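Trainee: Chain by chain, the residues:
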Amino acid sequence: MRLAFILGEIGSGLRRNLSMVVSVILVTFVSLTFVGAAGMLQLQINQMKGYWYDKVQVAIFLCSDGSTAAGCAGGPVTPEQQESIKTLLQSPAVAQYINDFQFESKDEAYKHFKDQFSNSPIVDSVTPDQLPASFRINMKDPQKYQIISETFSSQPGVETVIDQRQLLERLFSAMNAASLVAVSIAGVMIVCAILLIATTIRLSAFSRRRETGIMRLVGASKTVIQLPFILEGVIAAVIGAALASGTLWAVAHFFLGEYLSKQYPDTAFISPGQTLILAPALLILGGSLAGLSSLLTLRRYLRV
Amino acid sequence: MIRFENVTKVYDQNVRPALDDVSLEIDRGEFAFLVGASGSGKSTFLRLVLKEDRATSGAVYVAGQNVAKISSWRVPRLRRGIGVVFQDFRLLPQKNVFANVAFAMQVIGKSRSVIRDTVPEVLKTVGLEGKEHRMPHELSGGEQQRVAIARAVVNRPGILLADEPTGNLDPTTSMGIMGVLDKINQNGTTVVMATHDDDIVNEMRKRVVELKNGVVIRDEAKALYTSMIPIVGQSRRLKDASGREDPPPSPEDQGLHPGEEQR
Numbered sequence: 001m002r003l004a005f006i007l008g009e010i011g012s013g014l015r016r017n018l019s020m021v022v023s024v025i026l027v028t029f030v031s032l033t034f035v036g037a038a039g040m041l042q043l044q045i046n047q048m049k050g051y052w053y054d055k056v057q058v059a060i061f062l063c064s065d066g067s068t069a070a071g072c073a074g075g076p077v078t079p080e081q082q083e084s085i086k087t088l089l090q091s092p093a094v095a096q097y098i099n100d101f102q103f104e105s106k107d108e109a110y111k112h113f114k115d116q117f118s119n120s121p122i123v124d125s126v127t128p129d130q131l132p133a134s135f136r137i138n139m140k141d142p143q144k145y146q147i148i149s150e151t152f153s154s155q156p157g158v159e160t161v162i163d164q165r166q167l168l169e170r171l172f173s174a175m176n177a178a179s180l181v182a183v184s185i186a187g188v189m190i191v192c193a194i195l196l197i198a199t200t201i202r203l204s205a206f207s208r209r210r211e212t213g214i215m216r217l218v219g220a221s222k223t224v225i226q227l228p229f230i231l232e233g234v235i236a237a238v239i240g241a242a243l244a245s246g247t248l249w250a251v252a253h254f255f256l257g258e259y260l261s262k263q264y265p266d267t268a269f270i271s272p273g274q275t276l277i278l279a280p281a282l283l284i285l286g287g288s289l290a291g292l293s294s295l296l297t298l299r300r301y302l303r304v
Numbered sequence: 001m002i003r004f005e006n007v008t009k010v011y012d013q014n015v016r017p018a019l020d021d022v023s024l025e026i027d028r029g030e031f032a033f034l035v036g037a038s039g040s041g042k043s044t045f046l047r048l049v050l051k052e053d054r055a056t057s058g059a060v061y062v063a064g065q066n067v068a069k070i071s072s073w074r075v076p077r078l079r080r081g082i083g084v085v086f087q088d089f090r091l092l093p094q095k096n097v098f099a100n101v102a103f104a105m106q107v108i109g110k111s112r113s114v115i116r117d118t119v120p121e122v123l124k125t126v127g128l129e130g131k132e133h134r135m136p137h138e139l140s141g142g143e144q145q146r147v148a149i150a151r152a153v154v155n156r157p158g159i160l161l162a163d164e165p166t167g168n169l170d171p172t173t174s175m176g177i178m179g180v181l182d183k184i185n186q187n188g189t190t191v192v193m194a195t196h197d198d199d200i201v202n203e204m205r206k207r208v209v210e211l212k213n214g215v216v217i218r219d220e221a222k223a224l225y226t227s228m229i230p231i232v233g234q235s236r237r238l239k240d241a242s243g244r245e246d247p248p249p250s251p252e253d254q255g256l257h258p259g260e261e262q263r
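Same order as they appear, the protein sequences are chains A and B. Residues in the first sequence are numbered consecutively from 1, following the numbering used here. Residues in the second sequence are numbered consecutively from 1, following the numbering used here.
Chain B with its partners taken away, still in its complex shape:
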């Protein structure tokens, strides 16, 4: 579904590339985590898939199409096949839940009756039944993110890109969001999720692609957030003690609390 062939992206000639000779293939219907520290190239990866940026060299294929060869007036069609979710939700504050989701259908010219049928269905999928007429500010963070997911998938894209969708949410809410993403994935949508959230990665046991300084350093199926210490639960303790944006724990840190299991 998404294929990178020796992709390099250089933003500034004087700095190391954001992505350096990355080759990667994500199949149709797969669920893949993209992990790595800030600046490791996760966002660049997502931007290249969306054709927000152009690869400096190499080729990016989305749904079998080389995105570099898509003319600018066909880019909207490419983007219709891709749903995107962000850390900051990006809902329209003056529209209610229904209108926020319907907006994604209106702007591509779907008819009123199709919108009336589809939106409640999608809201049900993300677990927001009965909240159609709430305004975004009346919802919790988790519910807002569910609206954003509903908006991303309402046009039934083949791919869902999620850029740290749980970055602003507490662990319990995050797991709820992951449940929604998993459900969408099981309906056949390819999901690529960039994240720092080790608990979620460890919990889900999906494919993990780890980037460091623009290079893929690990690509494992049914993997954990860090490959070195495969002990479930260690990382949560550390994170709870020191904040969310920490880099992955080093082996020494983990060694300080041997055997302390959280779950």
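Isolated chain A (complex conformation):
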């Protein structure tokens, strides 16, 4: 009975304050979309880092069947060439610059590739044969990349030497800057949302002061009096958060999945499903912000 009563109160409150409720929904929607966008950029960065990013700096790719580089004129790398590269890596002249190195076979490369590109259609058309084997090197001082590059580029069987980290780092710093901008905009919008929720609850409490006055007199508990107002704010904010989650999913599905991944098939993009891990966070963030600001407002404007 009391539950039905509270739900009825919430319904009438939402109806009576419809325009304010809609604006709360929209403001939380926009602000949480920005929060979510920042989260998506971070997810994307993680996706692009792939398996090796945090472990090594420099990759020596070995020649494979389809290699067209000048150093690969002699066809795919032979076991002897591979062995001599390995020996060179272990020689004191080189070893002084590196912490350690690992060999990634074609099969391992395929496995890591599959993990990273699991959302991309490209994964179906790639076989282990097409992927080069490589030595992955963890440098003592990443700045000394040139030395490794000069030493190994001319070695037979080496297709290319890449400082992957340096390439990606420029991109990542741009993406980090973008997510910082998104978070700042989100911060301003969240302040807006909190103030708007407070105003809405205040209006709502004012327009129902007769009811709440009578409720006090007949001895309704604080919970019964306040809960409808708090839930009103929380419901509006949660609807906004749900819209924001839906928008992020749509961006991941239609923009990243359908458009960008076709334009840049060699880039690993996050899947729409991954954006859904942001949804609970957004819902909780929206709901708790609304609940908190409603509670503080009621403490000032609704006597119980």
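Don't take every hint at face value.
[As the list claims (entries may be wrong)] For the chain A half of the interface with chain B, some residues (derived, Cβ under 10 Å), not all of them:
1. Phe5
2. Gly8
3. Gly11
4. Ser12
5. Pro92
6. Arg210
7. Glu211
8. Met215
9. Leu217
10. Val218
11. Ser221
12. Lys222
13. Val224
[As the list claims (entries may be wrong)] For lysine-lysine, the following DSS-like pairs were computed, each having C-alpha atoms within a straight-line distance of at most 27 Å:
14. Lys206/B to Lys222/A
15. Lys49/A to Lys262/A
16. Lys69/B to Lys222/A
17. Lys110/B to Lys222/A
18. Lys51/B to Lys222/A
Because the hints were derived from the structure by calculation, they are not lab data. Since this is a predicted model, take the numbers as computed values, not measurements. Every residue gets a Cβ at the ideal spot worked out from N, C-alpha and C, and that includes glycine.
Based on these hints, arrange chain B on the given structure of chain A.
Mentor: Frame of chain A, contents of chain B only:
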């Protein structure tokens, strides 16, 4: 049922207290009028009983409990034991008669079936049978006040506080309302009524507590509105001639119309 022990209430340090060292006891099942001019402390008295305000000094006991010692989350329980009626009815305009009364039961979590059984019964007590589905604006002032009384007593409180319940009503309607309050009182509810309405007080012949500037200046059983001139009916003439909110007539005024009896 209600006991004031040396209660003083000061709203503003620079002004005289609203209640000044008031000691008073109203027993269970009693019917008491609280009379006095505006600002004499009647409303403050009622507010202290409801714990809307806190006494500056002294103790207020309601149903044996010192209200100052009731923690804030238990105040609703105190208020469930007290019904309140106001001069301006305070009905919810968008709810019909039944819903207005049921509201008081809904908010404290009574079940639908209890509400369905109790509300018609209470409406019958206040004389509103068959008007369950009227809206407040379709009712006369007297009927609206009856709805308000029904709402105040539907949860069977031990105490009914009425703050000038007949202040907006004509004399005949007022007497009807008094009949309802009397009936409720006879069912065992303690009734405390603050009023300016001398006719009603004189008619009812109940206990009268008169306040002046926050001090109890008179407390008589089966008394009249004014104790000085115990002639029934004088005051009505004066009031009819000069409006409702007049202060009690002075002895000279009454002397101008000796022997003019209204009833």
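Trainee: Now tell me if each hint is right for this structure.
Mentor: Verification of the hints:
1. Phe5: holds, 5 Å
2. Gly8: holds, 9 Å
3. Gly11: violated, 14 Å
4. Ser12: holds, 9 Å
5. Pro92: violated, 78 Å
6. Arg210: holds, 6 Å
7. Glu211: holds, 6 Å
8. Met215: holds, 5 Å
9. Leu217: Since the shortest Cβ distance to chain B is 5 Å, the answer is holds.
10. Val218: holds, 4 Å
11. Ser221: holds, 5 Å
12. Lys222: holds, 7 Å
13. Val224: Constraint on Val224/A satisfied, holds at 6 Å.
14. Lys206/B to Lys222/A: violated, 37 Å
15. Lys49/A to Lys262/A: holds, 20 Å
16. Lys69/B to Lys222/A: holds, 18 Å
17. Lys110/B to Lys222/A: At roughly 16 Å apart (the allowed maximum being 27 Å), Lys222/A and Lys110/B satisfy the hint.
18. Lys51/B to Lys222/A: holds, 15 Å
Consistency note: the structure conflicts with the earlier hints numbered 3, 5 and 14.
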